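*Asks:* Sequence:
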Amino acid sequence: MPIVEFVIPSGNHLLINARRESISIMVDQSLTLNYDREGRLIGAWIDGRNYRRSLDNRVLEKQEGTQPGLAHRIRRELDATEAHNFLSDAYARVVNYRAALDDPATHSPNNSSPADCQTARDALDRILDCTVERLEVDRKTFHVIYKPVSILPPDQYLALVLQATEGCSYNQCAFCGFYRNRKFYIKGVEEFDKHIRDVRSFFGGSIGLRKSIFLADANALVIPQAQLLPLFDTINHEFAIHPRGLENDALKQWEAQHPIHFEGVYSFIDAFTTRRKTARDFAELAERGLRRVYIGLESGDAELLKFIGKPNSPDDVVQLIDHIKAGGVAVGIIILAGAGGEKYAEQHVRNTVNIINQLPLDQHDLVYFSELVDYPDSEYSLMIQEAKIRPLTLGEIEHQITLMRSGFDFRRRQHTPKVSFYDIREFIY
Numbered sequence: 001m002p003i004v005e006f007v008i009p010s011g012n013h014l015l016i017n018a019r020r021e022s023i024s025i026m027v028d029q030s031l032t033l034n035y036d037r038e039g040r041l042i043g044a045w046i047d048g049r050n051y052r053r054s055l056d057n058r059v060l061e062k063q064e065g066t067q068p069g070l071a072h073r074i075r076r077e078l079d080a081t082e083a084h085n086f087l088s089d090a091y092a093r094v095v096n097y098r099a100a101l102d103d104p105a106t107h108s109p110n111n112s113s114p115a116d117c118q119t120a121r122d123a124l125d126r127i128l129d130c131t132v133e134r135l136e137v138d139r140k141t142f143h144v145i146y147k148p149v150s151i152l153p154p155d156q157y158l159a160l161v162l163q164a165t166e167g168c169s170y171n172q173c174a175f176c177g178f179y180r181n182r183k184f185y186i187k188g189v190e191e192f193d194k195h196i197r198d199v200r201s202f203f204g205g206s207i208g209l210r211k212s213i214f215l216a217d218a219n220a221l222v223i224p225q226a227q228l229l230p231l232f233d234t235i236n237h238e239f240a241i242h243p244r245g246l247e248n249d250a251l252k253q254w255e256a257q258h259p260i261h262f263e264g265v266y267s268f269i270d271a272f273t274t275r276r277k278t279a280r281d282f283a284e285l286a287e288r289g290l291r292r293v294y295i296g297l298e299s300g301d302a303e304l305l306k307f308i309g310k311p312n313s314p315d316d317v318v319q320l321i322d323h324i325k326a327g328g329v330a331v332g333i334i335i336l337a338g339a340g341g342e343k344y345a346e347q348h349v350r351n352t353v354n355i356i357n358q359l360p361l362d363q364h365d366l367v368y369f370s371e372l373v374d375y376p377d378s379e380y381s382l383m384i385q386e387a388k389i390r391p392l393t394l395g396e397i398e399h400q401i402t403l404m405r406s407g408f409d410f411r412r413r414q415h416t417p418k419v420s421f422y423d424i425r426e427f428i429y
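Under my numbering, residues 1 to 429 are what the sequence shown spells out, in order.
Careful, some of the hints might be misleading.
Computed cross-link-like contacts, EDC-like style, restricted to lysine to aspartate or glutamate with a CA-CA straight-line distance of at most 16 Å [what the hints assert, rightly or not]:
1) Lys-147 with Glu-191
2) Lys-62 with Glu-287
3) Lys-211 with Glu-191
4) Lys-183 with Glu-166
5) Lys-325 with Glu-284
6) Lys-211 with Glu-21
7) Lys-418 with Asp-362
8) Lys-418 with Asp-155
9) Lys-343 with Glu-303
10) Lys-325 with Asp-281
11) Lys-187 with Asp-198
12) Lys-343 with Asp-316
13) Lys-62 with Glu-77
14) Lys-325 with Glu-287
15) Lys-194 with Glu-255
16) Lys-211 with Glu-255
17) Lys-306 with Asp-316
18) Lys-140 with Asp-56
19) Lys-187 with Glu-166
20) Lys-62 with Glu-82
21) Lys-252 with Glu-238
22) Lys-211 with Glu-263
23) Lys-147 with Asp-198
24) Lys-211 with Asp-155
25) Lys-187 with Asp-233
Think of the hints as simulated: they come from the structure by calculation, not from any bench.
Since this is a predicted model, take the numbers as computed values, not measurements.
Generate the whole structure from the sequences, applying the supplied hints.
*Replies:* Structural data, given as structure tokens:
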């Protein structure tokens, strides 16, 4: 449906875009409200600030600072009262917009068809069916279906998460608190199949907003291959995954035949619990839709890796990535900027650059810089205090990232990986 514009009695211009998978409301280029197909609020842009609502009803506020740089960005989760007030305010706005559409003084300056105008009204009605009270019911349902979805890579924030495992099989990295209070658990095929059915029911018509599938939790690919392949087969039975090798017109034709489809399956991986997987193993997974795996390199410095509790060597990462790439799967590499503070800063930069330049990366791969975000009384915090290591300032972390980026030598490659920033404080699901 085309975007429908209304001029309402208040004089405001109201634009409604009701797509197959989502609904957007825009008011005078000063406010935007985005909803999924079921009428659940996804996010908003109000008074220069971005807001994102999670499926368990948390709200994250994001705002760029008056100056560039990490130190000036605002990333804040609203408290429970603020979140409730925010959701109530958004709902009240839509109540007023819907009433305005029935006002005789409202008109469409672009002479939108009566059918399109009615589609816009129906879209707002779906939103109004999704009350704040219903969102609270959804929150409770979400926590029955999912263990907390602690983190995803930035390019997977809109993935459909399927938890084949819960928690982390290692769970001893000093800097990571995502899975501390969760036992590692692998779902069997029947349990995983039920999980998928529950996920489908929860998302309903909004599942089309999700463009990929993320196999969670922390390192789901640690599952032995004989158990893992049936889980991938279950995914392929339940969802349409882009076939490998389809491009251009052939891909468009396939997508037209499969209106609800996914680009592929994505997952985290580590270099110590999954090192037994071979290139052939990854090729089998690629045939079943695995497109990219994300690995926490953290650093190319062996001494620093040992300090932060990573049991692998940098060479283990190189070997694993060789197997992954040989199997036809892309990689996303995560570098922990600021790790080890002042003591390790120089060797962190030097050896990480050396490792990245060794890897056979191409245009399908990603390199993420993730700022080390410490929290009070963490194992990492206690370690650096005991070792009397000074943490880097945000300015020094930015400089460290700049040094690494300038050291990456991709000039001789025909295709180069994308390099980007990964702020774990920006994630809610």
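*Asks:* Quick one: which hint numbers does this structure break? Sort them smallest to largest.
*Replies:* Those not satisfied are hints 2, 3, 12, 15, 21.
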